[in-house]
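On the provided structure of chain F, position chain G as indicated by the hints.
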Amino acid sequence: MTADGGVAEDEEKWLAAGITGLQQNAFYMHRALDSNNLKDALKYSAQMLSELRTSRLSPTKYYELYMRAFDELRRLEIFFLEETRRGCSIIDLYELVQHAGNILPRLYLLCTAGSVYIKSKEAPAKDILKDLVEMCRGVQHPLRGLFLRSYLSQLSRDKLPDIGSEYEGDADTVMDAVEFVLQNFTEMNKLWVRMQYQGPAGKKERREKERSELRDLVGKNLHVLSQIEGVDLDIYRETVLPRVLEQVVNCKDELAQYYLMDCIIQVFPDEYHLQTLEVLLGACPQLQPSVDIKTVLSRLMERLSNYAASSAGVLPEFLQVDAFTKLNGAIGKVIGAQADLPVAGVVALYSSLLTFTLHVHPDRMDYADQVLGSCVDKLSGIGKVEDSQATKQIVALLSAPLDKYNDVNTALKLTNYPRVMDYLDHETNKVMASIIIRSILKNNTVISSRDKVEALFQLLKGLLQDADGDYDEVDEEDFKEEQNSVARLIQMLHNDDPVQMFKILTIVKNNILTGGVKRLPHTVPPLVFSSLKLVRRLQSRMESGAEEEVVSETQKIFQLLNQVIEALSHIPVPELSLRLYLQCAEAANDCDLEPVAYEFFTQAYILYEEEISDSRAQVTAIHLIIGTLQRIHVFGVENRDTLTHKATGYSAKLLKKPDKCRAVYVCSHLFWTSDPDGVRDGERVLLCLKRALKIADAAQHMANVTRGSSGSVTLFIEILNKYLYFFEKGNPQITVTTIQDLIALITTEMQSDSAIPDPAANSFLARTKQYIQFQKHKGGSISEKYEPLQI
Amino acid sequence: MNYLLGAFKPASHISIVFTDEKNRKKVPIKKENGQTVMVPLFQSLENIVGKPVQGKKIEHNGIKVELLGQIEMYFDRENFYDFTSTSLDEELDVPGELYEKKLNPFEFSTVEMPYETYNGVNVRLRYVLKVTISRGYAGSIIEYQDFVVRNYSPPPSINNSIKMEVGIEDCMHIEFEYNKSKYHLKDVIIGKIYFLLVRIKIKNMDLEIRRRESTGSGANTHVETETLAKFELMDGAPVRGESIPIRLFLSPYELTPTHRNINNKFSVKYYLNLVLVDEEDRRYFKQQEIIMYRLAEDSS
Numbered sequence: 140m141t142a143d144g145g146v147a148e149d150e151e152k153w154l155a156a157g158i159t160g161l162q163q164n165a166f167y168m169h170r171a172l173d174s175n176n177l178k179d180a181l182k183y184s185a186q187m188l189s190e191l192r193t194s195r196l197s198p199t200k201y202y203e204l205y206m207r208a209f210d211e212l213r214r215l216e217i218f219f220l221e222e223t224r225r226g227c228s229i230i231d232l233y234e235l236v237q238h239a240g241n242i243l244p245r246l247y248l249l250c251t252a253g254s255v256y257i258k259s260k261e262a263p264a265k266d267i268l269k270d271l272v273e274m275c276r277g278v279q280h281p282l283r284g285l286f287l288r289s290y291l292s293q294l295s296r297d298k299l300p301d302i303g304s305e306y307e308g309d310a311d312t313v314m315d316a317v318e319f320v321l322q323n324f325t326e327m328n329k330l331w332v333r334m335q336y337q338g339p340a341g342k343k344e345r346r347e348k349e350r351s352e353l354r355d356l357v358g359k360n361l362h363v364l365s366q367i368e369g370v371d372l373d374i375y376r377e378t379v380l381p382r383v384l385e386q387v388v389n390c391k392d393e394l395a396q397y398y399l400m401d402c403i404i405q406v407f408p409d410e411y412h413l414q415t416l417e418v419l420l421g422a423c424p425q426l427q428p429s430v431d432i433k434t435v436l437s438r439l440m441e442r443l444s445n446y447a448a449s450s451a452g453v454l455p456e457f458l459q460v461d462a463f464t465k466l467n468g469a470i471g472k473v474i475g476a477q478a479d480l481p482v483a484g485v486v487a488l489y490s491s492l493l494t495f496t497l498h499v500h501p502d503r504m505d506y507a508d509q510v511l512g513s514c515v516d517k518l519s520g521i522g523k524v525e526d527s528q529a530t531k532q533i534v535a536l537l538s539a540p541l542d543k544y545n546d547v548n549t550a551l552k553l554t555n556y557p558r559v560m561d562y563l564d565h566e567t568n569k570v571m572a573s574i575i576i577r578s579i580l581k582n583n584t585v586i587s588s589r590d591k592v593e594a595l596f597q598l599l600k601g602l603l604q605d606a607d608g609d610y611d612e613v614d615e616e617d618f619k620e621e622q623n624s625v626a627r628l629i630q631m632l633h634n635d636d637p638v639q640m641f642k643i644l645t646i647v648k649n650n651i652l653t654g655g656v657k658r659l660p661h662t663v664p665p666l667v668f669s670s671l672k673l674v675r676r677l678q679s680r681m682e683s684g685a686e687e688e689v690v691s692e693t694q695k696i697f698q699l700l701n702q703v704i705e706a707l708s709h710i711p712v713p714e715l716s717l718r719l720y721l722q723c724a725e726a727a728n729d730c731d732l733e734p735v736a737y738e739f740f741t742q743a744y745i746l747y748e749e750e751i752s753d754s755r756a757q758v759t760a761i762h763l764i765i766g767t768l769q770r771i772h773v774f775g776v777e778n779r780d781t782l783t784h785k786a787t788g789y790s791a792k793l794l795k796k797p798d799k800c801r802a803v804y805v806c807s808h809l810f811w812t813s814d815p816d817g818v819r820d821g822e823r824v825l826l827c828l829k830r831a832l833k834i835a836d837a838a839q840h841m842a843n844v845t846r847g848s849s850g851s852v853t854l855f856i857e858i859l860n861k862y863l864y865f866f867e868k869g870n871p872q873i874t875v876t877t878i879q880d881l882i883a884l885i886t887t888e889m890q891s892d893s894a895i896p897d898p899a900a901n902s903f904l905a906r907t908k909q910y911i912q913f914q915k916h917k918g919g920s921i922s923e924k925y926e927p928l929q930i
Numbered sequence: 035m036n037y038l039l040g041a042f043k044p045a046s047h048i049s050i051v052f053t054d055e056k057n058r059k060k061v062p063i064k065k066e067n068g069q070t071v072m073v074p075l076f077q078s079l080e081n082i083v084g085k086p087v088q089g090k091k092i093e094h095n096g097i098k099v100e101l102l103g104q105i106e107m108y109f110d111r112e113n114f115y116d117f118t119s120t121s122l123d124e125e126l127d128v129p130g131e132l133y134e135k136k137l138n139p140f141e142f143s144t145v146e147m148p149y150e151t152y153n154g155v156n157v158r159l160r161y162v163l164k165v166t167i168s169r170g171y172a173g174s175i176i177e178y179q180d181f182v183v184r185n186y187s188p189p190p191s192i193n194n195s196i197k198m199e200v201g202i203e204d205c206m207h208i209e210f211e212y213n214k215s216k217y218h219l220k221d222v223i224i225g226k227i228y229f230l231l232v233r234i235k236i237k238n239m240d241l242e243i244r245r246r247e248s249t250g251s252g253a254n255t256h257v258e259t260e261t262l263a264k265f266e267l268m269d270g271a272p273v274r275g276e277s278i279p280i281r282l283f284l285s286p287y288e289l290t291p292t293h294r295n296i297n298n299k300f301s302v303k304y305y306l307n308l309v310l311v312d313e314e315d316r317r318y319f320k321q322q323e324i325i326m327y328r329l330a331e332d333s334s
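Respectively, the protein sequence lines represent chains F and G. Going by the numbering used here, the first sequence opens with residue 140, and the numbers climb by one from there. Going by the numbering used here, the second sequence opens with residue 35, and the numbers climb by one from there.
It is worth saying that the hints were derived from the structure and are not from the lab. Mixed in with the good hints, there may be bad ones.
[To be verified] Straight-line distance between alpha carbons at most 25 Å, and here's what the computed BS3-like set of lysine-lysine pairs gives: (1) F:Lys-343 to F:Lys-152; (2) F:Lys-517 to F:Lys-531; (3) F:Lys-152 to F:Lys-342; (4) F:Lys-178 to G:Lys-60; (5) G:Lys-85 to G:Lys-64; (6) F:Lys-269 to F:Lys-298; (7) F:Lys-465 to F:Lys-543; (8) G:Lys-226 to F:Lys-269; (9) G:Lys-235 to F:Lys-391; (10) G:Lys-320 to G:Lys-237; (11) F:Lys-829 to F:Lys-868; (12) G:Lys-235 to G:Lys-320; (13) F:Lys-178 to G:Lys-59; (14) G:Lys-237 to F:Lys-348; (15) F:Lys-178 to G:Lys-220; (16) G:Lys-60 to G:Lys-220; (17) F:Lys-200 to G:Lys-237; (18) G:Lys-237 to F:Lys-342; (19) G:Lys-64 to F:Lys-178; (20) G:Lys-264 to G:Lys-226; (21) F:Lys-552 to F:Lys-531; (22) G:Lys-235 to F:Lys-342; (23) G:Lys-237 to F:Lys-343; (24) G:Lys-85 to G:Lys-60; (25) F:Lys-269 to G:Lys-197; (26) F:Lys-178 to G:Lys-264; (27) G:Lys-237 to F:Lys-152; (28) G:Lys-264 to G:Lys-235; (29) G:Lys-214 to F:Lys-269; (30) F:Lys-543 to F:Lys-531; (31) F:Lys-182 to G:Lys-264; (32) F:Lys-178 to F:Lys-260; (33) G:Lys-235 to F:Lys-343; (34) G:Lys-220 to F:Lys-182; (35) F:Lys-648 to F:Lys-695; (36) F:Lys-591 to F:Lys-695; (37) F:Lys-359 to F:Lys-298; (38) F:Lys-348 to G:Lys-235.
Next up, chain F with everything else stripped away, as it sits in the complex (with noise of 0.2 Å):
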């Protein structure tokens, strides 16, 4: 058993105790009641209160104990008031009930011979109110105190000489009421501080938790106050709010300032914080370093903030009485003032401020420039920014902007913003540039001017470039997260004007190509097709004239496209890199620029021989530089029979014979463009088909060799349906006869002994006979050219 259990147990058994004294001397009241006589009632009223004397119970179980006591207090009040009725002076009683000889019997009973002396109005409320407040001193235990207090402040609740009450009072009746409540407060709020220094220290903590039950005896008051009619904004301005503060201040209690400020901001009107923020901004410095300024600040604007939104109305006022320059201020004081405030409560109270400007005045962007501004004054001299509480503040500071208006252009705008920035580490940096992107996806924002490009990448320079000097370990995914987003970024920058784009481009570039190794893979593709768009959108510029500014600006782009593939190419990616060059090349015979579009082809080949060697890679690739070449027209003959010449050697140079087989059946199309006025090679396409045929033949040969049975026939069949092909289109190279010798040596290769069977390859056989089988009845042309065709 803990010796807080056993605590725990012996409350419980003194709370019982207390609870049935407590019952005892209620029914010998009662009885007293019963028979209207006044002196028993009075004796055992003050027995039964003085169960309430106990310093054994923790404020919970007090608590119980006063509610019971309370209960039956109600039923004395009655009693008195009858009594009154019945002839008794209330005058005489209120003096009776000061004979108990006990303190805090006699002031429970005063209290309530007090509230039936208000009702019965033969003295002013005030006075009464007055002498109650000022009696009440006479208990200087905290706990014991304070619930007497709150009886007090419980029964005068609806007695107060307030304006409009039936207990209104001379002129000044305001000020009476004021008085009496702000008295009490004071007086409640100095026993609640005092507590946690009674005791021993040890038990500092659980001390601390009590007093925080306790807390809102003393904040009733301060709702009391606010609930008073006759309390306008100058008696708030002239009196309780400096009074209330005063005794805030002066308290020098971490916890009661804390909850006392919060208190005074919830509880009284917007309204009045708005006239009054001098002064209670004036307070926030002169509280205890420990307290926490910043939630209490920040539920002020919060507050305010709602206050703005609640009616335009309002925002004048805000206007007039420069809230934005005081709350800044008085940040700045509160910040000076505790010198061992966290960085992350620093940043956190000018993220509220932030917070506080966009919603107030939403079109000032120079006020949360500003704000940003005296962060990071406030953050110079301490370099970067490590905890981990500080940079999440950081991050929700920098983020308020982009939040409240979608869009990165106005972030954009504030000058302060990357110096704030510049605060974070690595890691956050990174954070921060992400959720930029995000807001910039998010929200499809277009950023299309070149500062804007420049500054943006100056924030994202965490994502675009590795930090100095460490290498963490990053995750694979994360990285390729963040890159990704970073390409997806590159893709919202645009401009419609030609000139401006190219600019934005280079600026990519030049902020892209410093990424190192692992980025550029990520972040050239984006640039490449990006600029691509635009080469595109010159192009359908040159109809409409203008053709030689188009032309240079068209070349300036290649010539940029050249050099960031250039250095993707070092990395070495080759594959990305010849993919690139392609493209490039295709873009550039889009525009007739047959130099470029060589120059692309030629760094595509380069790197083909250079740098790649998989022999998968090598396949793909070679596809790759066929279909694209097929497709270029630009070229003149002699470049293109250099290239065709290539292509043609490099696929014969495959490794494992099917590769080799249909990348040389490919390249047959190199000599046969769809184009009628392109090139069209007959001769050379049969070659290329009757070296495929080999190839395909040698094999077959290999395969039986090496395993004891034939390989597929499906190399052959490809080959017959390139033939049909080359048929159709008008090969002359291409005759009946040669098809049909094809299909018999097929079939041929399939009956032979040797041969596995293979359904794959009879059902290809099988459809391409249908091929044929429906092209001869379909009629026209076509069906012309087929029917010599006997399968």
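Same frame as chain F, now just chain G:
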């Protein structure tokens, strides 16, 4: 009832009836046997008028009524000090036979009774009417009738407050103030205690009313102190700068006026004792004398 009781008493039963008994205020006094009886109340220089009443016919050699003021010391029971001279004796009747309703009234005019009736711990001061019926052989029949004397004073012309600063060096300094130095019996003590320095953990603070009764003189002086009231002023520990109000109604307590050197036999003084109790139950106190006086009822 009285009549029946009287029937079994010795034949010599006699009592005194005051003329204005119906209208005269009566106050309780405690008899020696512990019973409380109501007796008439007089003040100095009043006329005390009445007549003896007795139930049976007796022969006598003369009837005498005396008004006596006596001071009785409890430690010295045998000796009464009569301070009122017997010259107030009055012969009621010449010797003869005494019948019912045939008794003559007596009247003591404007008797000077400077001292109040007082019932203390070691001393009492009482007033009696003594009726003596002298009989030759059977001895005299003597009967006493108590009555109470209270004397009223006007409010004092000078009544300063009591104000004092006391303390224990570096431990506690307080300043207290009682609004008056002279209080009447139904008065209210108003005041405050101001804590200038508190380094002691105080548990509570009481205000006591103490009565100091001294009897005898010289080496034979007996002093008896009683605490008549214990009134809690403060619960818990105050901090520096705190001021605690005092409001003590005196009416619930059985107080008497201050008596100074009554007939050189005794004195009764009153003190206010301010007691602070710390958490270790140590008591710190400061005692101050106050003068009590009796203000005429109607004005108090």
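Hints versus structure:
Note on Lys-343 of chain F and Lys-152 of chain F: the hinted pairing holds, with a Cα-Cα distance of about 24 Å set against a maximum of 25 Å. With a CA separation close to 17 Å, the supplied pair Lys-517 of chain F and Lys-531 of chain F stays within the 25 Å bound. Taken as a hint, the Lys-152 of chain F and Lys-342 of chain F pair is honoured in the structure, with Cα atoms around 21 Å apart against an allowance of 25 Å. Under the criterion of a C-alpha separation no larger than 25 Å, the hint pairing Lys-178 of chain F with Lys-60 of chain G is consistent with the structure, at around 22 Å.
Of the pairs offered as hints, the one joining Lys-85 of chain G and Lys-64 of chain G holds, with about 24 Å between alpha carbons and a cut-off of 25 Å not exceeded. Taking the CA atoms of Lys-269 of chain F and Lys-298 of chain F, the gap is near 12 Å; set against the 25 Å cutoff, the hint holds. Restraint check for Lys-465 of chain F and Lys-543 of chain F: satisfied, since their Cα atoms lie roughly 22 Å apart, inside the 25 Å limit. Restraint check: the Cα-Cα separation between Lys-226 of chain G and Lys-269 of chain F comes to about 16 Å, which is no more than 25 Å; the hinted pair holds.
At roughly 21 Å between alpha-carbon atoms, Lys-235 of chain G and Lys-391 of chain F fall within 25 Å of each other, so this suggested pair holds. Restraint check for Lys-320 of chain G and Lys-237 of chain G: satisfied, since their Cα atoms lie roughly 17 Å apart, inside the 25 Å limit. Proximity of Lys-829 of chain F to Lys-868 of chain F is assessed by CA-CA distance (about 18 Å); at most 25 Å being required, the pair is judged to hold. Simply put, Lys-235 of chain G and Lys-320 of chain G have alpha-carbon atoms about 18 Å apart, close enough for the 25 Å limit, and the pair holds.
About 23 Å separates the Cα atoms of Lys-178 of chain F and Lys-59 of chain G, which keeps this hinted pair within 25 Å; it holds. About 24 Å separates the Cα atoms of Lys-237 of chain G and Lys-348 of chain F, which keeps this hinted pair within 25 Å; it holds. Straight-line distance between C-alpha atoms of Lys-178 of chain F and Lys-220 of chain G comes to about 18 Å, which keeps the hinted pair within the 25 Å bound. At roughly 18 Å between alpha-carbon atoms, Lys-60 of chain G and Lys-220 of chain G fall within 25 Å of each other, so this suggested pair holds.
About 21 Å separates the Cα atoms of Lys-200 of chain F and Lys-237 of chain G, which keeps this hinted pair within 25 Å; it holds. Pair hint Lys-237 of chain G plus Lys-342 of chain F holds up; C-alpha atoms about 20 Å apart against a cutoff of 25 Å. This hinted pair checks out: Lys-64 of chain G and Lys-178 of chain F have alpha carbons roughly 23 Å apart, not beyond 25 Å. A threshold of 25 Å between alpha carbons decides the hint, and for Lys-264 of chain G with Lys-226 of chain G the separation of about 17 Å falls inside it, so the pair holds.
At most 25 Å may separate the alpha-carbon atoms for a hinted pair to count; Lys-552 of chain F and Lys-531 of chain F meet this at roughly 23 Å. At most 25 Å may separate the alpha-carbon atoms for a hinted pair to count; Lys-235 of chain G and Lys-342 of chain F meet this at roughly 18 Å. Simply put, Lys-237 of chain G and Lys-343 of chain F have alpha-carbon atoms about 20 Å apart, close enough for the 25 Å limit, and the pair holds. For the hint linking Lys-85 of chain G to Lys-60 of chain G, the alpha-carbon distance of about 18 Å falls within 25 Å, and the restraint holds.
Annotation: proposed proximity of Lys-269 of chain F to Lys-197 of chain G holds, straight-line Cα distance about 24 Å (limit 25 Å). Taking the CA atoms of Lys-178 of chain F and Lys-264 of chain G, the gap is about 19 Å. The hint holds against a cut of 25 Å. Taken as a hint, the Lys-237 of chain G and Lys-152 of chain F pair is honoured in the structure, with Cα atoms around 24 Å apart against an allowance of 25 Å. A hinted pair counts as satisfied when its Cα atoms are at most 25 Å apart, and Lys-264 of chain G with Lys-235 of chain G qualifies at roughly 21 Å.
Our distance criterion of 25 Å between C-alpha atoms is met by Lys-214 of chain G and Lys-269 of chain F, whose separation comes to about 23 Å. Among the hinted pairs, Lys-543 of chain F with Lys-531 of chain F is consistent with the structure: their alpha-carbon atoms are about 18 Å apart, no more than 25 Å. Distance check on the hinted pair: Lys-182 of chain F and Lys-264 of chain G sit about 16 Å apart at the alpha-carbon level, within 25 Å; holds. Restraint check for Lys-178 of chain F and Lys-260 of chain F: satisfied, since their Cα atoms lie roughly 24 Å apart, inside the 25 Å limit.
For a cut-off of 25 Å, the pair hint linking Lys-235 of chain G to Lys-343 of chain F stands: about 18 Å separates their Cα positions. A hinted pair counts as satisfied when its Cα atoms are at most 25 Å apart, and Lys-220 of chain G with Lys-182 of chain F qualifies at roughly 20 Å. Note on Lys-648 of chain F and Lys-695 of chain F: the hinted pairing holds, with a Cα-Cα distance of about 13 Å set against a maximum of 25 Å. A threshold of 25 Å between alpha carbons decides the hint, and for Lys-591 of chain F with Lys-695 of chain F the separation of about 22 Å falls inside it, so the pair holds.
A hinted pair counts as satisfied when its Cα atoms are at most 25 Å apart, and Lys-359 of chain F with Lys-298 of chain F qualifies at roughly 16 Å. Distance hint between Lys-348 of chain F and Lys-235 of chain G is fulfilled; the C-alpha atoms sit about 23 Å from each other, no more than 25 Å.
In the structure shown, no violation is registered for any of the earlier numbered hints.
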